Amino acid sequence: MTVRYGHGAVQVGARTVVRSEVEDFLYAEADILDSWHYDAWLALFVEGARYEIPTTDYRGGWSPHESGSFVTDDWDLLRARVKRLKSRKAHAENPPSRTHRLVSNVRLFPGDDDDSFRVTASFVVHRARDGRFDVYVGRYEHILAVEDDGFRFRLRRSVLGHEALPVGARLSFIL
Amino acid sequence: MPQVSRDETAAPMIIEDWNRLTFRVNRAAYRSDEVFARERELIWLRNWLYLGHETEIANPNDFKVRTVAGRPLIFCRDTAGEVRAFLNSCPHRGTVLCRDTEGSSKLFQCFYHAWTFRNNGDVAAIPDEAAYESGENLRETMRLRTVPRLAIHEGYVFISFDPDVPPLLDHLGDAADYMTMIEQQHVGGVQTLPGVQLYGVRGNWKLAVENAMDGYHFAPTHNTFVGYLRENGFAVTDDDQYAYNLGNGHSLLVLTGHGGRISMIWEPRFGEDERVRTAEHRAEMTERLGERRAHHVADESHILYVFPNLLLFDIEGMSIRQLEPLGPGRTDVRAWQLVPRHEDPASRALRMKTVVSFVGPGGLATPDDIEAYEAVQRGIEATAADPRPGLDYSDMSRGMADEVKGVRGRSIDEGAMRGFWRHWAAAVGFDPQVAGDRPASFLEGRDVR
Numbered sequence: 001m002t003v004r005y006g007h008g009a010v011q012v013g014a015r016t017v018v019r020s021e022v023e024d025f026l027y028a029e030a031d032i033l034d035s036w037h038y039d040a041w042l043a044l045f046v047e048g049a050r051y052e053i054p055t056t057d058y059r060g061g062w063s064p065h066e067s068g069s070f071v072t073d074d075w076d077l078l079r080a081r082v083k084r085l086k087s088r089k090a091h092a093e094n095p096p097s098r099t100h101r102l103v104s105n106v107r108l109f110p111g112d113d114d115d116s117f118r119v120t121a122s123f124v125v126h127r128a129r130d131g132r133f134d135v136y137v138g139r140y141e142h143i144l145a146v147e148d149d150g151f152r153f154r155l156r157r158s159v160l161g162h163e164a165l166p167v168g169a170r171l172s173f174i175l
Numbered sequence: 001m002p003q004v005s006r007d008e009t010a011a012p013m014i015i016e017d018w019n020r021l022t023f024r025v026n027r028a029a030y031r032s033d034e035v036f037a038r039e040r041e042l043i044w045l046r047n048w049l050y051l052g053h054e055t056e057i058a059n060p061n062d063f064k065v066r067t068v069a070g071r072p073l074i075f076c077r078d079t080a081g082e083v084r085a086f087l088n089s090c091p092h093r094g095t096v097l098c099r100d101t102e103g104s105s106k107l108f109q110c111f112y113h114a115w116t117f118r119n120n121g122d123v124a125a126i127p128d129e130a131a132y133e134s135g136e137n138l139r140e141t142m143r144l145r146t147v148p149r150l151a152i153h154e155g156y157v158f159i160s161f162d163p164d165v166p167p168l169l170d171h172l173g174d175a176a177d178y179m180t181m182i183e184q185q186h187v188g189g190v191q192t193l194p195g196v197q198l199y200g201v202r203g204n205w206k207l208a209v210e211n212a213m214d215g216y217h218f219a220p221t222h223n224t225f226v227g228y229l230r231e232n233g234f235a236v237t238d239d240d241q242y243a244y245n246l247g248n249g250h251s252l253l254v255l256t257g258h259g260g261r262i263s264m265i266w267e268p269r270f271g272e273d274e275r276v277r278t279a280e281h282r283a284e285m286t287e288r289l290g291e292r293r294a295h296h297v298a299d300e301s302h303i304l305y306v307f308p309n310l311l312l313f314d315i316e317g318m319s320i321r322q323l324e325p326l327g328p329g330r331t332d333v334r335a336w337q338l339v340p341r342h343e344d345p346a347s348r349a350l351r352m353k354t355v356v357s358f359v360g361p362g363g364l365a366t367p368d369d370i371e372a373y374e375a376v377q378r379g380i381e382a383t384a385a386d387p388r389p390g391l392d393y394s395d396m397s398r399g400m401a402d403e404v405k406g407v408r409g410r411s412i413d414e415g416a417m418r419g420f421w422r423h424w425a426a427a428v429g430f431d432p433q434v435a436g437d438r439p440a441s442f443l444e445g446r447d448v449r
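Protein chains in written order, with our numbering: chain A, 1 to 175; chain P, 1 to 449.
These are computed hints drawn from the structure, not numbers from a lab.
From a predicted model like this one, the values you see are computed outputs, not experimental measurements.
Beta carbons: idealized from backbone N, C-alpha and C, even for Gly.
Errors might be hidden in some of the hints.
To be verified - Incomplete in silico selection of chain P near chain A, CB under 8 Å: (1) Glu129; (2) Tyr199; (3) Gly360; (4) Gly362.
Full structure from sequences and hints, please.
In C-alpha cells form, the structure reads like this:
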C-alpha cells in the first residue's frame with residue numbers, strides 16, 4: 001500500500017490553505033461549543049449549510065436523503081436546533097452538558113468547487129452530566145468554504161466511531 | 001444504588017382504587033433486580049417478541065446479528081429464501097458463531113474448531129468427523145439451534161423462545177390491523193432502510209413504553225418542538241384525540257393534531273411540491289381503499305405499542321422502535337425508518353429529514369423523552385425503602401374520573417398506561433390490589449375494520 005502524504009495544504013482558487021489555520025478554526029469552534037455560544041457557532045456556517053451525524057451502521061457514500069440518520073439538518077433545521085438549544089425548555093440540555101473536545105489528525109483535501117475544500121479530523125468529545133461521564137469518538141468530514149474573513153462550514157459532518165451509541169450517550173448537544 | 005434490605009416486591013406492585021379513582025404503580029417495578037429477573041423469565045422468554053423486519057434481509061443469504069431478550073441471534077434469509085432465526089452460538093461448544101453484524105453468506109463457520117453450517121441450519125462440515133463414530137447421528141443432533149417459534153405478520157418478524165405460545169395473530173389481536181394499515185398506505189407496501197439508530201438509555205424499558213403512550217407529556221416536554229412546528233405554520237393540539245387498550249398488553253394512541261403526515265396530510269413546512277403529491281396520493285388511497293378505510297389509514301397518526309418490545313410510530317413518517325432491556329435501569333433502543341417501497345425522491349428526502357427532526361437521540365424531541373426516562377430512573381431512588389406508606393408509588397390515575405362515566409379515554413390521559421400495567425402485573429404474577437369495582441362502562445379496544 002502506498003501511504004499518501006501531503007494533506008497539510010490545499011489550493012482553493014488562488015489561495016493556499018494550510019493545516020495550521022484550519023486547526024485554529026476547528027479549535028476555535030470546539031471552544032465556542034464547549035462554552036455553549038450557539039449564536040457564535042451558527043455564524044461559522046454559510047447560509048444553506050448542513051449538519052449531519054450518520055448512524056453507527058453508516059458506510060461511506062450513503063445519502064442522508066435515502067437512509068436513516070441521527071442528525072440530517074438542512075439550514076432550516078439547523079437554525080431550529082440552535083434556537084432550541086438556547087431555550088430553557090430544551091430539557092435534555094437544561095442544564096447543559098459539560099463538554100470537552102479534543103480535535104486532531106487534521107488533513108486537507110481538494111473540494112468539488114473552487115471556493116471550498118474538504119477537511120477530515122478525529123475528535124474525542126467528553127460529556128459530563130447527571131453524575132455520568134460519556135465519551136464520543138469519531139471523525140469529522142467537513143466541507144469548508146473559504147471566505148474573505150475566514151472559513152465557514154458548508155457541510156459539518158460528525159461520523160461516530162462506535163458500533164452503537166453506548167447507554168446514556170444521547171446526542172442532545174452538538175457533536 | 002442504595003442497598004435495600006427488605007424485599008421490595010412484598011408491597012403490592014399495583015394499587016387500583018375505584019372508590020378514590022386512583023391507580024398507583026410501585027416504583028420497585030423500575031428498580032428491582034428481582035422484578036427484572038421475573039420479567040426475563042415470565043415475559044421475555046414466554047411471549048412473542050419482535051425480531052426484525054423482513055426487508056432488512058431482503059435477499060437470499062442476507063443476515064443480521066441481533067440480541068433479543070439477552071440472547072444473541074442470527075436473523076437471516078436462507079439460500080432458498082426462507083426467513084430464519086438461529087441462536088448465534090455454535091452447537092459444539094457455544095462459541096458465538098457469526099461475529100459480523102450483518103452481511104450475506106451461505107455458510108456460517110465457527111472460527112474455534114471450524115464447524116460449518118448452512119444458512120438453513122444444516123451441518124455443512126465438521127473437521128475430522130470420523131472421530132465421532134459414537135452411534136449418534138452427529139449431523140442431525142448438531143444442527144444450528146433455531147429459535148423455537150417464528151412467525152411473520154405484514155413483514156414484521158416475531159419470534160418466541162417458548163415453543164408453546166399461541167399463534168402470532170392471536171397474540172397481536174387488534175394490534176395486527178394497525179400494522180396492516182401501515183402496509184396499506186402505499187401501493188407496494190413499505191420497507192426498512194439502512195441507517196439504523198442504535199442507542200441506549202439509562203432507564204427501565206417500561207418508562208419507554210409509558211412515554212410512548214403518554215400524550216400528557218407532549219406539550220410541556222416537547223415545548224421547543226411544538227414551537228418549531230408553530231413557527232412553520234402548524235398549531236399542535238391535543239383536542240379530540242384518544243388512547244386505547246387493544247388487549248394482550250398492546251395499546252394505541254390515535255393522534256390527529258400533532259403534525260402532518262408525509263404524502264397524506266400536508267402541512268406548510270413540507271413545501272408546495274409536496275402539497276400536490278399529497279393530494280394525488282390521498283385521492284389514490286380513497287380509490288384503492290374506500291373512503292372510510294382511507295380515512296383511518298391516512299388521516300390519523302398512530303403510535304402502536306405491541307407488548308412487550310415493539311413500538312410503531314406512524315406519525316409524520318414511519319419508524320419501528322425495538323426495546324431491549326439490559327437491566328432494571330438500562331435499555332438498548334433500535335430504530336428503523338420505514339418508507340414506501342416506491343417513493344418520489346423528493347418525498348423520500350423530505351421524509352428522512354422530517355422523521356429524524358423529531359425521533360432519535362439526535363432529534364429535536366426524542367432527547368427530551370430520554371431526559372424524562374433518565375430523570376425518572378434517577379428520581380425514584382429518592383423514595384426507595386421509604387417507610388411512609390404510599391410514597392414509593394407513581395401515580396397514573398389521570399382519566400379514571402372520565403372512565404367511570406363511560407367517557408372515552410383521551411390521549412392526554414393515562415388509560416393506555418393503566419392497561420399496560422395491568423397486563424404486565426398479570427404476566428409477571430403480581431396480584432394487583434383492587435378496591436371498589438371497575439366500572440361496567442369501562443371502554444377497551446377499538447375496531448375500525
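Against the structure, the hints come out as follows:
no.: 1; hint: Glu129; verdict: violated (36 Å)
no.: 2; hint: Tyr199; verdict: holds (4 Å)
no.: 3; hint: Gly360; verdict: holds (6 Å)
no.: 4; hint: Gly362; verdict: holds (4 Å)
Of the numbered hints stated above, the single one contradicted by the structure is hint 1.
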